[in-house]
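For the protein sequence lines, the chains are A and B, in the order given.
Residue numbering for the first sequence follows my numbering, beginning at 50 and increasing consecutively.
Residue numbering for the second sequence follows my numbering, beginning at 243 and increasing consecutively.
Simulated from the structure, these hints should not be mistaken for laboratory data.
Where a beta carbon is used, it is the ideal one built from N, C-alpha and C, also for glycine.
The reader is advised that the hints may include incorrect statements.
List time: in silico DSS-like cross-link candidates among lysine-lysine, alpha-carbon distance up to 30 angstroms [stated by the list, open to error]:
no., chain 1, residue 1, chain 2, residue 2
1, B, Lys284, A, Lys119
2, B, Lys340, A, Lys119
3, B, Lys313, A, Lys106
4, B, Lys284, A, Lys106
5, A, Lys102, B, Lys247
6, A, Lys106, B, Lys247
7, A, Lys102, B, Lys340
8, A, Lys106, B, Lys300
9, B, Lys300, B, Lys313
10, B, Lys284, A, Lys60
11, A, Lys106, B, Lys340
Stretches of chain A that chain B covers, calculated by requiring three or more beta carbons in the stretch to come under 8 angstroms of a beta carbon on chain B [to be verified]:
no., segment
12, 62-68
13, 85-91
14, 113-121
So the derived label-pair ranges between C-beta atoms look like this [as the list claims (entries may be wrong)]:
no., chain 1, residue 1, chain 2, residue 2, range
15, B, Thr350, A, Val166, 29 to 35 angstroms
16, A, Glu108, B, Lys284, 19 to 25 angstroms
17, B, Ser307, A, Ser129, 42 to 48 angstroms
18, B, Thr350, A, Lys102, 29 to 35 angstroms
19, B, Ser297, A, Val166, 46 to 52 angstroms
20, B, Glu268, A, Ser159, 27 to 33 angstroms
21, A, Thr66, B, Asn309, 30 to 36 angstroms
22, A, Val166, B, Lys300, 45 to 51 angstroms
23, A, Pro88, B, Ala287, 15 to 21 angstroms
24, B, Pro294, A, Ser114, 42 to 48 angstroms
25, B, Glu301, A, Pro88, 24 to 30 angstroms
26, B, Gln244, A, Gly52, 35 to 41 angstroms
27, A, Thr66, B, Gln251, 16 to 22 angstroms
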Amino acid sequence: DAGITQSPRHKVTETGTPVTLRCHQTENHRYMYWYRQDPGHGLRLIHYSYGVKDTDKGEVSDGYSVSRSKTEDFLLTLESATSSQTSVYFCATRGYRGNKEDNYGYTFGSGTRLTVV
Amino acid sequence: QQQVKQSPQSLIVQKGGISIINCAYENTAFDYFPWYQQFPGKGPALLIAIRPDVSEKKEGRFTISFNKSAKQFSLHIMDSQPGDSATYFCAASLNDYKLSFGAGTTVTVRA
């Protein structure tokens with residue numbers, strides 16, 4: 050999706066190894082989010098950021114950490130990957146759209162498919 | 243615990259038919275209710291959204307119906323087309339800065 054780049058797109062890693070996923074935006078949006086998508090659960094919020102160095106936990110934050118040293122970059126780290134963290138990870142930003150009802154909308158990246166073996 | 247419950251999990255509709263997806267929420271403080279559409283291999287994209295001060299919003303073939311007293315809202319896809327085949331997510335938030343999503347509905351439109 051325009052303005053948001055996630056890397057890598059696919060990754061296979063071994064249990065116990067650290068993994069970092071990157072989200073890069075060119076929209077200069079203040080809010081950034083990491084979600085994971087699993088069948089039957091929809092998208093669940095892992096962590097979010099409301100500014101440089103300002104982050105907070107979402108509903109499924111255990112085992113994950115984040116960092117945001119620049120407006121455009123939001124990193125998600127799995128400290129020690131487990132099989133339960135096999136998922137598709139989406140980054141999103143929230144930015145002003147200027148529409149009447151949807152002044153602020155979310156834009157999602159194309160996702161990172163992570164497999165922990 | 244999921245704050246937004248979505249049903250059905252999947253549905254099949256004939257071309258030209260109506261697809262209906264329902265969502266229910268618990269938190270009465272929610273004030274923003276968007277629907278997202280997701281195609282395979284892509285991220286979700288905003289389809290249509292509603293605020294609780296209106297009971298219905300229509301954009302083209304897509305309509306949101308909102309029932310504040312019942313804490314329910316639904317998406318109607320009129321004249322369904324094969325290109326509408328996708329997964330649809332309802333969501334809700336307070337001050338639209340932290341979305342809670344439903345589990346998703348996979349819609350298949352048969353030609």
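* Enumerated hints in conflict with the structure, sorted upward -> 5, 8, 12, 14, 18, 21, 24, 26 and 27
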